[in-house]
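Which chain is which? The protein sequence lines are A and B, in order.
Numbering of the first sequence is given in the working numbering, commencing with residue 1 and proceeding in unit increments.
Numbering of the second sequence is given in the working numbering, commencing with residue 1 and proceeding in unit increments.
These aren't lab readings, by the way, just hints derived from the structure by calculation.
A couple of the hints might just be wrong.
Claimed, not checked - Computed list of lysine-lysine pairs in BS3-like fashion (alpha-carbon distance at most 25 Å, straight line):
hint, chain 1, residue 1, chain 2, residue 2
1, B, K296, B, K409
2, B, K383, B, K344
3, B, K57, A, K296
4, B, K296, A, K98
5, A, K259, B, K344
6, A, K21, B, K133
7, A, K57, B, K296
A quick note: this is a predicted structure, and the numbers were derived from the prediction, not measured.
The primary structure of each chain is shown beneath.
There are 2 protein chains.
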Amino acid sequence: MGKAIPSRNENYSEWYNELVKAANLAENSAVRGCMVIKPYGFSIWEKMQRALDDMFKETGHENAYFPLFIPKSFLSKEANHVEGFAKECAVVTHYRLKNDPNGGGVIVDPDAKLEEELIIRPTSETLIWSTYKNWIQSYRDLPLLVNQWANVVRWEMRTRIFLRTAEFLWQEGHTAHATANEAMAETRQMLEIYARFAEEWMAMPVIKGYKTANERFAGAEETLCIEAMMQDGKALQAGTSHFLGQNFAKAFDVKFQTKEGGLEHVWGTSWGVSTRLMGALIMAHSDDAGLVLPPKLAPIQVVIVPIYRSDEQLAQISEKVQEIVAALRKKGISVKYDNSDANKPGWKFAEYELRGVPVRLAMGGRDLENGTIELARRDTKTKETVEVAGIAERIEALLDEIQQNIYQKALDLREANTHRVDSYDAFKQILDDKGGFILAHWDGTPETEERIKEETKATIRCIPYNAPQENGQCILTGKPSTQRVLFARAY
Amino acid sequence: MGKAIPSRNENYSEWYNELVKAANLAENSAVRGCMVIKPYGFSIWEKMQRALDDMFKETGHENAYFPLFIPKSFLSKEANHVEGFAKECAVVTHYRLKNDPNGGGVIVDPDAKLEEELIIRPTSETLIWSTYKNWIQSYRDLPLLVNQWANVVRWEMRTRIFLRTAEFLWQEGHTAHATANEAMAETRQMLEIYARFAEEWMAMPVIKGYKTANERFAGAEETLCIEAMMQDGKALQAGTSHFLGQNFAKAFDVKFQTKEGGLEHVWGTSWGVSTRLMGALIMAHSDDAGLVLPPKLAPIQVVIVPIYRSDEQLAQISEKVQEIVAALRKKGISVKYDNSDANKPGWKFAEYELRGVPVRLAMGGRDLENGTIELARRDTKTKETVEVAGIAERIEALLDEIQQNIYQKALDLREANTHRVDSYDAFKQILDDKGGFILAHWDGTPETEERIKEETKATIRCIPYNAPQENGQCILTGKPSTQRVLFARAY
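Input sequences plus hints: build the corresponding full structure.
Shown next, in the form of structure tokens:
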């Protein structure tokens, strides 16, 4: 503690960077663009993983593991795919080091050059579809519903902890189906799961929609996404689900015998979320005092701090606290009793605020006499003195309330910062003055999209699901449009 | 199913390879030496991970994540370490592909050469200790108890699925302590955890001991290990725990302020187990009919197969089976009811035998009338007809019995194949005739160890914990020795 974090108003970007550091979530490593996820940050990621993994398994998916390396020639088999990823590939060319005979220390052994270079996976469609070729022969082998949790590498030039790193952790689902309809249903189902996770676990409202052709995944026929608003009004893409059509099946010759005895290429999907969600979680809810974590993802949900004048009093408080700890644990609530004497209560209060612990309890001598305890909420920063009797039930309900409140706050922010705009001037003005989401008409062409992006740095985040049909004119070209799309500047 | 597996006697090595394939555990990928872990195999690995992770957390360790890449210069900072790993390093030299201007397809962009090559981690001591330098200032920061689950790459020339692959999955614990004693206690504690996991979860008895200097981890002062016997009498190293002394602290200048105000280098440990344990699990227990899984690691603990003559009868059986399924699930037992009509009961029996499901229940028309069910054990291949009443309690107890029986069988095998030998002739004869473990006297020199290895392919697996002191003569040199060490040919 004691590290000063700039306020959000002062410098949102620095606030984020310093908060990530101060709350011990992650840090930059000695390797350009690669982060170290520290234990506290990783424990939040583990909670995310567990929740998502359960949802994947409930919908019939199984985990597997595919190699880190992709032969260069594989990447080239799907034309759009290689076009999309070639510029950011880490390439393994050698497999041995040796001592420099000229005394220059350890060098790469020139005799150990690979015949074919290996790419560190930026995503695994190519290797997985080359494998599926052997796994799929008949309609009986379908659908094939596989996910993997893995690290991937995209050699980004501008990196930012959690949001855009050269190496990141993610899950990538890869499924194969007998029909286009079934694959499209899977694509939608997985987007629904991501949306549910974002809203119910991360307490982060999202807008579901279709990416424009420009923004589609390299090799996909359709990309669905969820978009969330950060506190600075910028958008963050929090998950994508791709309908791959038969593109990878054709590139890797994956066919199946149909029920009717024909031979057809299978239909594919892929979908993923990554440690980028950690960045979203931080940016969506936290405040100038530190992290604000939704209770469902908080590694510590309740912290208890004793306030005492003597060892004897501490012993009495501790005895009472142990009962509370036991009652909370019985309800599956994670609780930490911080009775260390290395730090004062005030320091502890600030520390757990910084770390985003949703509920803080403090018990002093008078509380002990009165059968009370001080209860503080991280989200509202309010506190009150309550009866110890029934405290576990009260906290159980309070955690739900906090989860809901954090979600509502984020939703209110989004609604207050979403604008319907009908002219390009107003569009530019709002972007510069207030930021936020803009719903505007677009003529549907990549050229218009590109020009708006160049001129304003705003991109089409998505064509929202079920956007109401409404006649209008493109804000840039005045050409006719039948629905509004979602524009924003984005992370 | 239907793939013929050779018997263990016929060809143990082929039996293993074919079993891994037939039981859908894993397969070789298109990338040399890298495997694909298939969903069924991965679900066993997930159970292993969960059990180990729980044990790590119970002993105060936290998970974190460190980069995949290690700058070449880092690897060189600890002399023994680089010596040990330089020959098997995958090296990233470039970060971009491009289209060949001469039309040769996608090539590595020569302009995108890294200033310093990056090594794919073969293990992470160097990067982690370079990070710890910033995490550790004072005795208050110690002990630092961190683990990571990750993929690592060692460019092995001869690979074998699960046992030795170029890329493998593992966990690596890296801890820092204020004193040598505390670090050594941690080293021992983690070996105990590995031994407990091997014996209680994998049902695989292990011998705990010290590696000889020759066989120590590159950079360690002491390496502890657990060694298990496979069914062909060969040894398999199933886990190692290293006392690193101050080697990495010195290489990366990691010092801490002591309670007394001094400044000292910290003491380190590292410890790991990998997907190699999957190979050990298969080789330790399985038989000519397929996998034999200890119930604690079986993804499906009980399978139920209906035997019916009509849809009506199937409906009646299914109704009864659903009660059994519910009763088993209530006890936390994982159960699968396979009522698919694509395959006959006989095919299903063979399939679940191949997949190592510990208990199989089959219910037919007569069972339905009599209130009975057929219960078959995978480990003993025995079956009996039992009352449906009380079946969940019976199976709960049976799963414990099977777990224990599999362990006992492996222990009996090991005891029957462990020999005390006092001459080099007898040593060579036993290795060639029967194989197994040999307890013999050794003069304590690396030269003798090396010569025995060259002449017999047997290595010193370990100097067992608490080996009884016993005067004897080295089997090779006749020089005096005070205890027997464990020799074997090994995987």
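The hints, checked one at a time:
With a C-alpha separation of about 16 Å, the suggested pairing of K296/B with K409/B holds against the 25 Å cut-off. Between K383/B and K344/B the CA atoms are separated by roughly 19 Å; this keeps the pair inside 25 Å, and the hint holds. Simply put, K57/B and K296/A have alpha-carbon atoms about 20 Å apart, close enough for the 25 Å limit, and the pair holds. A distance of roughly 45 Å separates the Cα atoms of K296/B and K98/A; the hinted pair therefore is violated under the 25 Å criterion.
Distance check on the hinted pair: K259/A and K344/B sit about 20 Å apart at the alpha-carbon level, within 25 Å; holds. The straight-line distance between the Cα atoms of K21/A and K133/B is roughly 16 Å, inside the 25 Å bound, and the hint therefore holds. In summary, the hint linking K57/A to K296/B is supported, as the alpha carbons are separated by about 20 Å, within the 25 Å threshold.
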